[in-house]
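Chains as they are written, first to last, in my numbering: chain A, 22 to 243; chain B, -9 to 1021.
Because the hints were derived from the structure by calculation, they are not lab data. Warning: the hint list may mix true and false statements.
With a cut-off of at most 25 angstroms between alpha-carbon atoms, the simulated SDA-like pairs for lysine to any residue come out as follows [claimed, not checked]:
{"no.": "1", "chain 1": "B", "residue 1": "59", "chain 2": "A", "residue 2": "109"}
{"no.": "2", "chain 1": "A", "residue 1": "120", "chain 2": "B", "residue 2": "887"}
{"no.": "3", "chain 1": "B", "residue 1": "878", "chain 2": "B", "residue 2": "903"}
{"no.": "4", "chain 1": "B", "residue 1": "59", "chain 2": "A", "residue 2": "187"}
{"no.": "5", "chain 1": "B", "residue 1": "59", "chain 2": "A", "residue 2": "64"}
{"no.": "6", "chain 1": "A", "residue 1": "210", "chain 2": "A", "residue 2": "238"}
{"no.": "7", "chain 1": "B", "residue 1": "59", "chain 2": "A", "residue 2": "235"}
{"no.": "8", "chain 1": "B", "residue 1": "149", "chain 2": "B", "residue 2": "451"}
{"no.": "9", "chain 1": "B", "residue 1": "59", "chain 2": "A", "residue 2": "189"}
{"no.": "10", "chain 1": "B", "residue 1": "889", "chain 2": "A", "residue 2": "71"}
{"no.": "11", "chain 1": "B", "residue 1": "896", "chain 2": "A", "residue 2": "187"}
{"no.": "12", "chain 1": "B", "residue 1": "755", "chain 2": "A", "residue 2": "103"}
{"no.": "13", "chain 1": "B", "residue 1": "878", "chain 2": "A", "residue 2": "238"}
{"no.": "14", "chain 1": "A", "residue 1": "120", "chain 2": "B", "residue 2": "903"}
{"no.": "15", "chain 1": "B", "residue 1": "755", "chain 2": "A", "residue 2": "242"}
{"no.": "16", "chain 1": "B", "residue 1": "523", "chain 2": "A", "residue 2": "30"}
{"no.": "17", "chain 1": "B", "residue 1": "755", "chain 2": "A", "residue 2": "108"}
{"no.": "18", "chain 1": "A", "residue 1": "66", "chain 2": "B", "residue 2": "57"}
{"no.": "19", "chain 1": "B", "residue 1": "896", "chain 2": "A", "residue 2": "105"}
{"no.": "20", "chain 1": "B", "residue 1": "59", "chain 2": "A", "residue 2": "73"}
{"no.": "21", "chain 1": "B", "residue 1": "59", "chain 2": "A", "residue 2": "43"}
{"no.": "22", "chain 1": "B", "residue 1": "896", "chain 2": "A", "residue 2": "142"}
{"no.": "23", "chain 1": "A", "residue 1": "127", "chain 2": "B", "residue 2": "65"}
{"no.": "24", "chain 1": "B", "residue 1": "896", "chain 2": "A", "residue 2": "103"}
{"no.": "25", "chain 1": "B", "residue 1": "753", "chain 2": "A", "residue 2": "83"}
{"no.": "26", "chain 1": "B", "residue 1": "996", "chain 2": "A", "residue 2": "71"}
{"no.": "27", "chain 1": "B", "residue 1": "523", "chain 2": "B", "residue 2": "547"}
{"no.": "28", "chain 1": "B", "residue 1": "996", "chain 2": "A", "residue 2": "103"}
{"no.": "29", "chain 1": "B", "residue 1": "896", "chain 2": "A", "residue 2": "189"}
{"no.": "30", "chain 1": "B", "residue 1": "753", "chain 2": "A", "residue 2": "185"}
{"no.": "31", "chain 1": "A", "residue 1": "120", "chain 2": "B", "residue 2": "538"}
{"no.": "32", "chain 1": "B", "residue 1": "432", "chain 2": "A", "residue 2": "109"}
{"no.": "33", "chain 1": "B", "residue 1": "59", "chain 2": "A", "residue 2": "236"}
{"no.": "34", "chain 1": "A", "residue 1": "127", "chain 2": "B", "residue 2": "67"}
{"no.": "35", "chain 1": "B", "residue 1": "896", "chain 2": "A", "residue 2": "80"}
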Amino acid sequence: MTEDKSNDIFTFPKWTWVLRPGVAVAAVGGLVYASVVIYLGFSPKATDVGYMPTQPVPYSHALHVGQLGMDCRYCHTGVEQTARATIPPTQTCMNCHSKVRANSEKLIPVRESYATGMPVPWIRVHDLPDYVYFDHSAHVRRGVGCVSCHGRIDTMEVVFQAEPLSMGWCLECHRSPEKHLRPAEFVTKLDWVPEEDQLALGSRLRETNNINPPTDCNTCHR
Amino acid sequence: MSSLKPEKGMQYWRSLDELAQTPEFQEAVQREFPNDEWDRLPPATRRQFLKVMGASFAFAGLTSCRWPKEEIVPFASRPDGRVPGVPEQYATAMEIGGSAIGLLVTSVDGRPIKNEGNPLHPDSLGALPATAQADILQLYDPDRSQRLVYRQSGQEFVKSWDDFAAWTGENIAGTGAGVAVLAEPSSSPSVARLRARFAEVMPDGSWYEYQPISRDAERAGITIAYGRPLRVHAHLDHAEVIACFDADPFFDHPAAIPMSRQFAESRQPSTQGISRLWVAEPAFTITGGRADHRQAVAGSAIPRLLAKLARELVANHNLALSEQAANLEPAFGPVSSEGDAFVTGLAVDLMSHRGSGVILVGPSQAPEVHALAAVLNQALGGVGNTVSYTEASDPERPSHMQAIADLAASVASGEIETLLILGGNPVYDAPADLGFTDLLAKVPNTVHLGLYEDETSQRCSWHLPRAHSLEAWGDGRAWDGTLTLQQPLIEPLYGGRTVAEVVAAVLAESTSNGYDIVRETVAPVFDGGDFEKSWERSLHDGVVKGTAQPLVAVELDGSGLAGAGAPLAELVAAAEPTAERPELVLTADRKVYDGRWANNAWQQELPDAITKTTWDNVLQVAPPTARDLGLSEGDVVEISAAGSSVELPVSLVPGQAAGTLTASLGYGRTAAGTVGNSVGSDVYRLRTTSSPWLVPEVDLRATGRNTILANTQDHFAIDAIGFGARNSRISTLVREVSIDRYLADPEVIHHMDHHPPLVSLWKDKQYEGEQWGMAIDLNACNGCNACVVACQAENNVPVVGREQVINQREMHWLRIDRYFKTEPGVGPLDVDDAEIAFQPMTCIQCENAPCEQVCPVAATQHTEDGINAMVYNRCIGTRYCSNNCPVKVRRFNFFNYHKNLEEVEKLQFNPEVTVRSRGVMEKCTYCVQRIQNVRIAARNDNRPLRDGEIVPACAQTCPTRAIAFGDLNDPASEVSRLREDNRAYATLVELNIRPRTQYLARLTNKVGGGKSSGRAPAHHGEDPTHGKETG
């Protein structure tokens, strides 16, 4: 019986057959590799931490907060009352800068904004997705320090995002707030360390102030 | 153990299709998502599929690792006290039908986003009707006029206010010869003051006041009875018997909210009994839906019915009418009430409640009917108790119909050179016999001030953009005369101006901006004292305290009544309309009113309270009349009267009087905007000055066409287990019982369902801390739809359009189910009259939620405080949750309904609630954003939550306060108290879903008791778990 060789062109040549196990390993390995790369590459730790956009005005927190000792709440006034910390209006800057460094070149956009009434277009650094509703006052009033989420702003010349701010990261604290609680009066003290063990202090504060952070979905997603 | 034979309850159904169990209905009920077919997509070839998939894979790689950068733009100088992102509320007002209603508008970042009622305002009491809730959409309507337009010789020029001022300086001068103003009626003292200035400065000019929906018949009737036009006030909190003759005081009245609330309170069960409502009307209204006894009577037969009542009272109950009314008696002498149970029963009731009964007549009835009612009220002793009167603000004014007819005559005779039309839309809504459109062409100079470039503006030489009520300084008076102040929430978006400002500018007054005008008007009211302080206080409150009109003592006017005898007799003798020569009743639409809200998408999509029709107006026909004429649902007919004809689709509505047809005004507009154009048919064409409400003997001709109505009455019908089984279940969903039965056996509501002991697959959960629950009182709810629109405004619920509503895809989180009730055994072909029951249905937040159990991605979960949370970002759109929901309250975004919105429309969105895109499920969340914000504020201040501090949008706006919300774990909260009430029950208890929302049964008060909804319990003997509701 003659063999039908018309389909032979679709068959790999014999010498390639030895490569078959390698192909299988490469396929599975490649899949695993791709998954790991995507998982790590797209995680907030990789994409968000370290984000440091250039601002229209080279405002230095290291100078104003670190050196001069301004409290966070002098400018971010909404942080204890409302959901948003609020970026200060140009007026707040001019409170000092109408006299201090009144002719500085770096402050031209600020003076221009104050004169014309147009805002200074700051670039948002800590940006949560639109379907997340975060409330600052609920955290700041209850003893979560600014540094817990924003890092050592008082050492930053240009603000960058220090923490991933991912949902998993938020849930970590919500599930065990005693790891990060501090007495409410030290909330804006970025270099504060507890005198006693953090867990002991945190548990006590939790107890006293009846702090039970919810982990329900609609706490943040509404 | 004795056992009583269970008594058969009423049968409940929502549409005649359901009652008849048509194959279409069966099919619709079988499918969760009807018409969900793939034939919409073009057939996909393999090549196309790969192209699409390839493209999306490519783009997946291109998406940046971080989302686009976002800017934060703070103020340069932040206004004092303003915190970005924090909502504030300001008191203001809006006018509907010439009477002001107080608003508290929520404003965030300088733009208003939600209307709420002002608790200090007597006509609002903190609540708002659906129309006022929807009005905020008009502010952000992209179709609003944004410019001044001047038309000359076929060309259009865009002008400025200065150009208009220059033009008026040239063309409107001197003593006003040839100048006429046509204005909408307004209770504004500022406008009244400027009108007086107009009469002073331009004595040769004339001012006409016109609106299509008018209460002038009542005014004329009171003039006949009391010699001068007084305003009628009904005090339903003192009324034990209320009789409405073609009147709808709970909806179609400026003081509808206080009246419906007083009525709801008078229905609370007490051993002294509750009030009783008798209604006679041609078509179902909101008031008719609440009636204990209702008679469907043709509009032209109402005078005869009232005359019968008068005769019955005088002849058989020896009611002594005052001697001034002696001339009326011959008019109702000949009629007999024999065999008319409605009249005889009402007469008995009124006589046994002398002094606490009231007879109300609607604005579409002739003045003589109102006069007769006033006479009867006086004889029954209600004056000063259930009904009282105040002086009218301008007693000399002619009726609106008279005014527009006079203006038309002046124009026809060539007297008018310049016509200023301030507000209103007379080209669209003037009576058809006047030919106003053609008349307008005769006037050389015409000016129209309007919110839109509407039908009237397009035919005027000048169009001026009007300021919306939320952009304006102004004032007004409530129905009882309380002075109400209006302040703007936002600067006019398009430079619009108010009526007062335009008149002041035309008269070249020194103060012509709204702020100064209002301050000038209000100054004399604050007699003495610090003006600024009083001004600030009144602006803050929204009302000026103590400015309600005083009640006046009244005496019947013999001469007026003498003249009414003959006209009344004529009305009483009117022939009854028949199916061959039917009568057309024209009504103001419950959604778009006179047409002003035709471009309002929320109102168009709102299912009408009674017919449940959206995006259309229909010709309501009584089922027996339709059978006689061979008409079925959706048939397009042509109605002709007064030389015009209109085509309308037919809708069979039980409870419609035989031989009458009802159609609502306000549709068929041609220049409303993209939403309102060509929706429905314009019935104003059939309206004449002689028959503005009841058009006798119309010609009806079937066109042979049929159209599908976007009607929601059959939507979300609860599963296909057969009509009998479903009917018995529905009667336990909407529970009603007569007050006598309830007082005799308070447990009757709890006994209305029987189920075996309930076992759950899951462990019973302990709920600690705050647990949210809701109680909806069906005894207070009158189906007005305010809650539906409030929810839509608060939660960014999208509008889907007519086609999608037909596909059962409307997005309202809250729907009002409307059931018709007939006696058992009445088949679909025999349906004549019916009663109505309403049930607002929304996510009832089941503790054992069937939806939570089937979500494959856990996008819907139960929270610690008992809410069924919906997480939009997690949802992948399998729709299994909606499939499993027994009450069908979940809504799926089949399309991205927000995709094509203009930027200005997005300003209305509530920033506290996510705006959902395509592919996610949504549902009622108990207004979780309100709960969270109040809870965070309370925790920050370390204080407990107060009962009543958290109010969901639906509860906030309900005129009758039917919805209560609060913490179930707080025994002192109102909602806990209501849950313990004997009338409280949960829906679908047998499914063990344990809903957090419970309903309170409705009480009926028919003479001699009446049928309750469910079967009476067969006596079971003692069983401690029997009748205990869980959840």
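Results for each hint:
For a cut-off of 25 angstroms, the pair hint linking residue 59 of chain B to residue 109 of chain A stands: about 19 angstroms separates their Cα positions. A hinted pair counts as satisfied when its Cα atoms are at most 25 angstroms apart, and residue 120 of chain A with residue 887 of chain B does not qualify at roughly 52 angstroms. For the proposed pair residue 878 of chain B and residue 903 of chain B, the alpha carbon gap of about 22 angstroms is at most 25 angstroms, so the pair holds. Of the pairs offered as hints, the one joining residue 59 of chain B and residue 187 of chain A holds, with about 17 angstroms between alpha carbons and a cut-off of 25 angstroms not exceeded.
Distance hint between residue 59 of chain B and residue 64 of chain A is fulfilled; the C-alpha atoms sit about 18 angstroms from each other, no more than 25 angstroms. With a C-alpha separation of about 31 angstroms, the suggested pairing of residue 210 of chain A with residue 238 of chain A is violated against the 25 angstroms cut-off. Note on residue 59 of chain B and residue 235 of chain A: the hinted pairing is violated, with a Cα-Cα distance of about 30 angstroms set against a maximum of 25 angstroms. For the hint pairing residue 149 of chain B with residue 451 of chain B, the CA-to-CA distance comes to about 12 angstroms; that is within 25 angstroms, so the pair holds.
Between the alpha carbons of residue 59 of chain B and residue 189 of chain A the distance comes to roughly 23 angstroms, so the proposed pair stays at or under 25 angstroms and holds. For the hint linking residue 889 of chain B to residue 71 of chain A, the alpha-carbon distance of about 34 angstroms lies beyond 25 angstroms, and the restraint is violated. Proposed proximity of residue 896 of chain B and residue 187 of chain A is contradicted: the alpha carbons are some 28 angstroms apart, above 25 angstroms. Pair hint residue 755 of chain B plus residue 103 of chain A does not hold up; C-alpha atoms about 34 angstroms apart against a cutoff of 25 angstroms.
The hinted pair formed by residue 878 of chain B and residue 238 of chain A meets the criterion: a straight-line CA distance of about 22 angstroms does not exceed 25 angstroms. Distance restraint check for residue 120 of chain A and residue 903 of chain B: the Cα-Cα separation of roughly 43 angstroms exceeds the 25 angstroms cut-off, and the hinted pair is therefore not satisfied. The straight-line distance between the Cα atoms of residue 755 of chain B and residue 242 of chain A is roughly 24 angstroms, inside the 25 angstroms bound, and the hint therefore holds. The suggested pairing of residue 523 of chain B with residue 30 of chain A is violated, with an alpha-carbon distance near 98 angstroms, which exceeds 25 angstroms.
Note on residue 755 of chain B and residue 108 of chain A: the hinted pairing is violated, with a Cα-Cα distance of about 44 angstroms set against a maximum of 25 angstroms. A threshold of 25 angstroms between alpha carbons decides the hint, and for residue 66 of chain A with residue 57 of chain B the separation of about 14 angstroms falls inside it, so the pair holds. This hinted pair checks out: residue 896 of chain B and residue 105 of chain A have alpha carbons roughly 21 angstroms apart, not beyond 25 angstroms. Using a Cα cut-off of 25 angstroms, the hinted pair residue 59 of chain B and residue 73 of chain A holds, with the two alpha carbons roughly 11 angstroms apart.
Restraint check for residue 59 of chain B and residue 43 of chain A: the C-alpha separation of about 44 angstroms exceeds 25 angstroms, so the hint is violated. Only pairs whose Cα atoms come within 25 angstroms are accepted, and residue 896 of chain B paired with residue 142 of chain A is accepted, the gap being roughly 22 angstroms. This hinted pair checks out: residue 127 of chain A and residue 65 of chain B have alpha carbons roughly 20 angstroms apart, not beyond 25 angstroms. Between residue 896 of chain B and residue 103 of chain A the CA atoms are separated by roughly 23 angstroms; this keeps the pair inside 25 angstroms, and the hint holds.
With a C-alpha separation of about 55 angstroms, the suggested pairing of residue 753 of chain B with residue 83 of chain A is violated against the 25 angstroms cut-off. A distance of roughly 74 angstroms separates the Cα atoms of residue 996 of chain B and residue 71 of chain A; the hinted pair therefore is violated under the 25 angstroms criterion. Under the criterion of a C-alpha separation no larger than 25 angstroms, the hint pairing residue 523 of chain B with residue 547 of chain B is inconsistent with the structure, at around 45 angstroms. Taking the CA atoms of residue 996 of chain B and residue 103 of chain A, the gap is about 54 angstroms. The hint is violated against a cut of 25 angstroms.
This hinted pair does not check out: residue 896 of chain B and residue 189 of chain A have alpha carbons roughly 32 angstroms apart, beyond 25 angstroms. This hinted pair does not check out: residue 753 of chain B and residue 185 of chain A have alpha carbons roughly 37 angstroms apart, beyond 25 angstroms. Of the supplied pair hints, the one linking residue 120 of chain A and residue 538 of chain B is violated, its CA atoms being roughly 56 angstroms apart against a limit of 25 angstroms. Between residue 432 of chain B and residue 109 of chain A the alpha-carbon distance is near 60 angstroms, which puts this suggested pair outside the 25 angstroms criterion.
For the suggested pair residue 59 of chain B and residue 236 of chain A, the alpha carbons sit about 29 angstroms apart, so the restraint of at most 25 angstroms is broken. Taking the CA atoms of residue 127 of chain A and residue 67 of chain B, the gap is about 20 angstroms. The hint holds against a cut of 25 angstroms. With a CA separation close to 33 angstroms, the supplied pair residue 896 of chain B and residue 80 of chain A exceeds the 25 angstroms bound.
When held up to the earlier numbered hints, the structure conflicts with 2, 6, 7, 10, 11, 12, 14, 16, 17, 21, 25, 26, 27, 28, 29, 30, 31, 32, 33, 35 and fits the remainder.
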